[in-house]
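Each chain, written out:
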Amino acid sequence: MAKQKTLKAEKRHKIILTVVFALIALLWVYPVVLVVINSFKLNTYVKTDTFALPFGKLSAGIQNFVKGVTFGNYPFFKSAFYSVIITVTSSALILICTAMTGWYIARVDSKFCRIMYLLCVFSMVVPFQMVMFTLSKTADVLRLNTPWTIPVIYLGFGAGLAIFMFVGFVKSIPREIEEAAAIDGCGPVRTFFSVVLPILKPTLISVGILEIMWIWNDYLLPYLVLDRTKYMTIPIHIQYLKGSYGTVDLGATMALILMSIIPVIVFYLTCQKHIIKGVAAGAVKG
Amino acid sequence: MAIKKRLFRGRRKHSSLDSSLVKGPIRRWFPLFVGPTLLAFILGFVWPFIQGMMLSFTKFRTTSDAKFLGFAHLFDNYIKAFSDPSFLHAFWYTALFTVVSVLFINVLAFAVAYVLTQNIKGNNLFRTVFFMPNLIGGIVLGYIWSMIFDGILMSLNTSIMLETRYGFWGLIILMCWQQIGYMMIIYIAGLQAVPEDMLEAAKIDGASKWQTLRKVTIPNVMPSITICFFLTLSNGFKLFDQNLALTAGQPFVFKEDGSVVKTTEMLALNIYNTFYGQNADARGTAQAKAVLFFLLVAALGLIQLHNTRKREVQQ
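Sequence lines, in order, name chains A and B. So in this note's numbering, spot 130 of the first sequence is number 167, and the numbers just go up one at a time. So in this note's numbering, spot 290 of the second sequence is number 292, and the numbers just go up one at a time.
Watch out, some of these pointers could steer you wrong.
[What the hints assert, rightly or not] When the alpha-carbon atoms are kept at most 20 angstroms apart in a straight line, the in silico SDA-like pairs for lysine to any residue are as follows: (1) Lys148(A) with Glu165(B); (2) Lys217(B) with Ala195(B); (3) Lys174(A) with Lys217(B); (4) Lys84(A) with Gly153(B).
None of these hints come from the bench; they were simulated from the model.
Whenever a hint applies, use it, and build me the whole structure from the sequences.
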């Protein structure tokens, strides 16, 4: 009897918790909802009536989006295009190069490999401010300051974490599989691409997601490295609009922010499981 | 005898299989497997790092006109950094911000994770929602919240740019919104690894929920707590994008001696402003600040790495 009572109380307890958490969850998405609301609002009302719905005299229709895209002297789609190019090419380059290096380091295990591995671990704890000035100058001198060449910089600065994760994973794969491939007459290159790479798939996904999220949202590195008169990415574009204009069109800015977070949210909802796993795996970086 | 010899040779050959079949041939492919990464790593990290270290002992406007300060004045840049009031202010402001944000984020994230592992309805949906802000970039986050805060403060006839405490608490709220979901994931993983039989034993022994939490659950999730603690700590110290987008150091205080203290400016932003501010002669100081900043962050990072590795060994 008493047990039944506590069970009932516990059940009620859980329902209350669900309700409370549902409210908190609503509060949690509210900032994003506000972005949506304000992107349809006339500029003058964004500041004064931030929390009102965009109807009646407040409504701007799709005017903000039209204005946002052509705002300033740099079209937004160009920034979006460069953001996509830089994110995709840099992540792909990092994945392929560091997977190969990670495998090499884990398997050869020479003195050189151990030093390189330690350097990689070390690079993970170095903040960007330490190298930002010299890195941007080096990039300038070597003409690595375009969206087509900046992946080299990303590979260099992002190699540490990726190699760290690949080496850790390769060490857990039994060597016998590769030996079997070698006995069957497989050279190292073929062994890597047709035997090791498929086994590495989960780590490839984790590292890929970490790199994509980092590069897509990165502001300071591309801002300092890229030739700013010619190339911008989305974060640079948004900062540029807010920073350099005396009177900012807040409605149009919100429209741009909305356009820049929609792909992120879609990406998140489609591969949520992988993202959460990948991010948790990268927790060592910090 | 001959047979024995052949057998022996055969066995030897077999025992060296791994090095001759896998290790040896890979080495010949060094240029392909390691070459590109090594080259990029040197260009993108090793060389800028060494050059940055060296520049902190020189006077320079750009990397090519650096002049060594001489052994008598070796630490001039560092002395200047320490005597810069804006740097000291940024340090204390960052430290205070970090302590407060570490406390808030970890306590709240742990509480959320604890409730979500109690099998309540819809906990997968809640997880998805709470984690979502973590994917939005710092600059965008800053502008979203500056709109919200200004929307609220507008009715009080003020702005987040006008008072230091608004900027401080605003940034705390922003960081909580961004990071609670992330830390929650780590705590959930830790909580799910607490042995079921231990919890049951506590229940049978008549321990209350609070006692179970304190004496059984928390000691078991200690590794997750350490990870989250150091993660939030170094995230707090390294914060840049959100700081720049939310307040950019506003409000400024103009001192009598002509110097300016940007009251909500954190360390990373202070270093950035010293590098790219009006006074290009301050770049030596800026690089010295960057080295100090590196030492601080690296120390935190290495302790954290050490902890996670120790945990891996134990497992």
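Results of checking the hints against the structure:
For the hint linking Lys148(A) to Glu165(B), the alpha-carbon distance of about 55 angstroms lies beyond 20 angstroms, and the restraint is violated. Restraint check for Lys217(B) and Ala195(B): the C-alpha separation of about 16 angstroms stays at or below 20 angstroms, so the hint holds. About 55 angstroms separates the Cα atoms of Lys174(A) and Lys217(B), which puts this hinted pair outside 20 angstroms; it is violated. Proposed proximity of Lys84(A) and Gly153(B) is supported: the alpha carbons are some 5 angstroms apart, at most 20 angstroms.
Of the numbered hints stated above, those contradicted by the structure are hints 1 and 3, listed in ascending order.
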